[in-house]
Amino acid sequence: MAHLIDDPILTVEHLNMRFGGLLAVDDLSFSAGRRDITALIGPNGAGKTTVFNCITGFYKPTEGRITAHHEGGEKYLLERMDDFKIPKVAKVARTFQNIRLFGGMTVLENLMVGQHNTLMIASNFTFGGIFGLSGYKRAEKEALELAEYWMEQTGLTYRADDAASDLPYGEQRKLEIARAMCTKPKLLCLDEPAAGLNPRESEELNKLLLFIRKERDTGILLIEHDMNVVMGISDHIIVLDYGKKIADGTPEEIRNDPSVIAAYLGVADEEVEEVEHEIEEGASS
Amino acid sequence: MTEMTNSSARPGRHLDVPRVAKDLVVTALIATAIFGSTIAFRTVSAAGGLGLTTRFDVAFYVIAAVVVGRLLLWIFFWSKPAGEPAVEIPAGIKSGFAHVAARLGKIFGPAMLIIALVFPFLPFTDRYLLDLSILILTYVMLGWGLNIVVGLAGLLDLGYVAFYAIGAYSYALLAQYFGFSFWMCLPLAGILAAFWGIILGFPVLRLRGDYLAIVTLAFGEIIRVVLLNWYKFTGGPDGLSGIPRPSFFGIPFNRGEDGFAEIFGLEYSSIHRIVFMYFLILALALITNFVTNRLRRLPIGRAWEALREDEIACRSLGLNTTSVKLTAFATGGMFAGFAGSFFATRQGFISPESFTFIESALILAIVVLGGMGSQVGVVIASIVMIGGFEVFREAEQYRMLIFGLAMVVIMIWRPRGLISTRIPSIFLKEKKAVSADMVSQGEGH
Ligand SMILES: Nc1ncnc2c1ncn2[C@@H]1O[C@H](COP(=O)(O)OP(=O)(O)O)[C@@H](O)[C@H]1O
Ligand SMILES: [Mg+2]
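Respectively, the protein sequence lines represent chains A and B.
Quick note on numbering: the first sequence equals residues 1009 to 1293 in our numbering.
Quick note on numbering: the second sequence equals residues 2 to 446 in our numbering.
Calculated directly from the structure, the hints in this document are not laboratory data.
Fair warning: this is a prediction, and the values are worked out from it, not measured in the lab.
For each residue, glycine too, the CB sits at the ideal point set by N, CA and C.
Be aware that one or more of the hints could be misleading.
Some chain A residues judged to face chain B by a derived CB distance under 8 Å, without partners named [stated by the list, open to error]:
#1 Pro1095
#2 Asn1106
#3 Leu1109
#4 Leu1127
#5 Met1128
#6 Asn1236
BS3-like, lysine-lysine: derived pairs with alpha carbons at most 27 Å apart [as the list claims (entries may be wrong)]:
#7 A/Lys1149 <-> B/Lys433
#8 A/Lys1194 <-> A/Lys1093
#9 B/Lys430 <-> B/Lys107
#10 A/Lys1192 <-> B/Lys430
#11 A/Lys1099 <-> A/Lys1222
#12 A/Lys1145 <-> B/Lys430
Can you build the whole structure from these sequences, using the hints too?
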């Protein structure tokens, strides 16, 4: 049932993550297409955040291989890289389920920190910057332009000089996405970006994600509970339950997959057939 | 009914008499237990041994003062309904203060700088005042240096004096063994202290919170104990003396033909050297301030502040937090190293005595009191603390008491320090100060 992806940005092969006696991710394999929005869904505690933490280097997987493929053909084995090198070198950026902003810094400063590595090189690792060399000034201007661009796209320009913790929840979510985009990622991993958003904000988020995929050529890997978001914008959905992949396909396929329905309704495996039957009956009647 | 609850949303003061009476009795008993023994009886040397005099009247006044004081607190502060904070500063005063501080902040820095520049030439400035201001400036510089580590990067360092000691001993030893001049030793002392900052940085990279504070404290002590016990090299408790004084870029301050006074056609005076020292530390402190302000606007400075705010988010954006921390320790250490070599050349004599933990605590107190991350706050706090120490030199017995009291009052009044707002490093339209309660304090607070 594995979905066929011919040009993946990310492949995960036989990923296992064990915490003591708990196998939080159990032999998971999947790929995410380069310009796709791939959604990772599943009930609470299914291991979705753990998968993200393995991809972005915050956990070292117990077993398995995670590869980022760049367009030039370069491959990065993420499970062997330091966490900070994954956004820097492999160009995989992420956001967090419980938002992590630099609360005491302004919106603009948050976006500038997102461009740290570019600016660091431009400032000749501080020595050029301290003497105000023109190369750094130019780089800083460009960084400012990129920050302005993303503030514009997320509608945060009017809050540019406000502290990040001053923003309402929905804008904080957007800022976190904008900040991740400032690292110029090839893959953006979003952990429940719509959690806590009202329907209007959730709609805006959909638009933003579609824009990122289309205009910025960035693949998106998305954890989401909001079925409106998932079914509305994903190209490809992977369903996890108890760390195992139980389904993998297009939104249409997933919508009609009995095991997914069973997982969400909390039905035991033996009863799946029964549920399936009921669904078929429901469909025919 | 509802109207009543609404209208009584902020009821008047209400004193719970029996509770207050009980509290006052307990207060009186405790005060009697403490002051009854310590004040009421006094030993005097009488003929043939010790005698005892009684001072019941004094003890009575003290106890009465405590009880009355507590009663006043009850009446004016603690008589609010439950749920409201016991001690509350009216919001008007709070915001008013912030407003005034913001206004003052703009002119305060330049005004201070001008005063500092002309200070040695003011008519009332004498040798004592010059010495005192050199001391204050040394602490301003140390405070600014520590501010990088604690205020910006949010890494609580309780052993900062170690770098000060390394700077001082580097200069003294380099001068003693190789005969290097002050101007050669100054950068070397800074580099050595920065190097030791990195050495300290490595073991504490993984530590957070209290553990970080304890290890840095231990580092400070290790350096002092090594200096104390490595007798052959550092002179141990005897210290190092005869440290060369700095010259005016090669011209010594002496009475001779080639002395400073002779060459510049002045009458020889020992104050010339003190004035030079004053400008030297002023320049060093200003360099510290300039570099720090500059660094804050560079990616490295923003990375320090981001580290203070959220380390995990930093890593998710590709910041190598190891090098961010190490550069903070190294930069902070370097400025302490400069200050240390200035200290050595000013004193002409150093010993491990000068680099005890209390020194670290004093510098940290300056940073915390001034408001973490605030450069102007450090200046005010240094003047208040070091100057205050001097003002109360007369009242020697009560100096520590006053100091402690002042700290408690300030921490109640302004828990985030005197100047607690954060100025953004970059802005799009308008520079708005970030209020203190949004700014994180980093590790170990
Ligand atoms: N660091 C950890 N240590 C131990 N158990 C963990 C850790 N992180 C996650 N888990 C466990 O792994 C399982 C999956 O959690 P998580 O990935 O957060 O689920 P999801 O994001 O799908 O809701 C849970 O049972 C959780 O308790
Ligand atoms: Mg989760």
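Taking the hints in turn, this is what the structure says about them:
no. : hint                    : result
1   : Pro1095                 : holds (4 Å)
2   : Asn1106                 : violated (11 Å)
3   : Leu1109                 : holds (7 Å)
4   : Leu1127                 : holds (4 Å)
5   : Met1128                 : holds (5 Å)
6   : Asn1236                 : violated (27 Å)
7   : A/Lys1149 <-> B/Lys433  : holds (20 Å)
8   : A/Lys1194 <-> A/Lys1093 : holds (14 Å)
9   : B/Lys430 <-> B/Lys107   : holds (18 Å)
10  : A/Lys1192 <-> B/Lys430  : holds (25 Å)
11  : A/Lys1099 <-> A/Lys1222 : holds (18 Å)
12  : A/Lys1145 <-> B/Lys430  : holds (18 Å)
Going down the numbered hints, you'll see the structure goes against 2 and 6, while the others check out.
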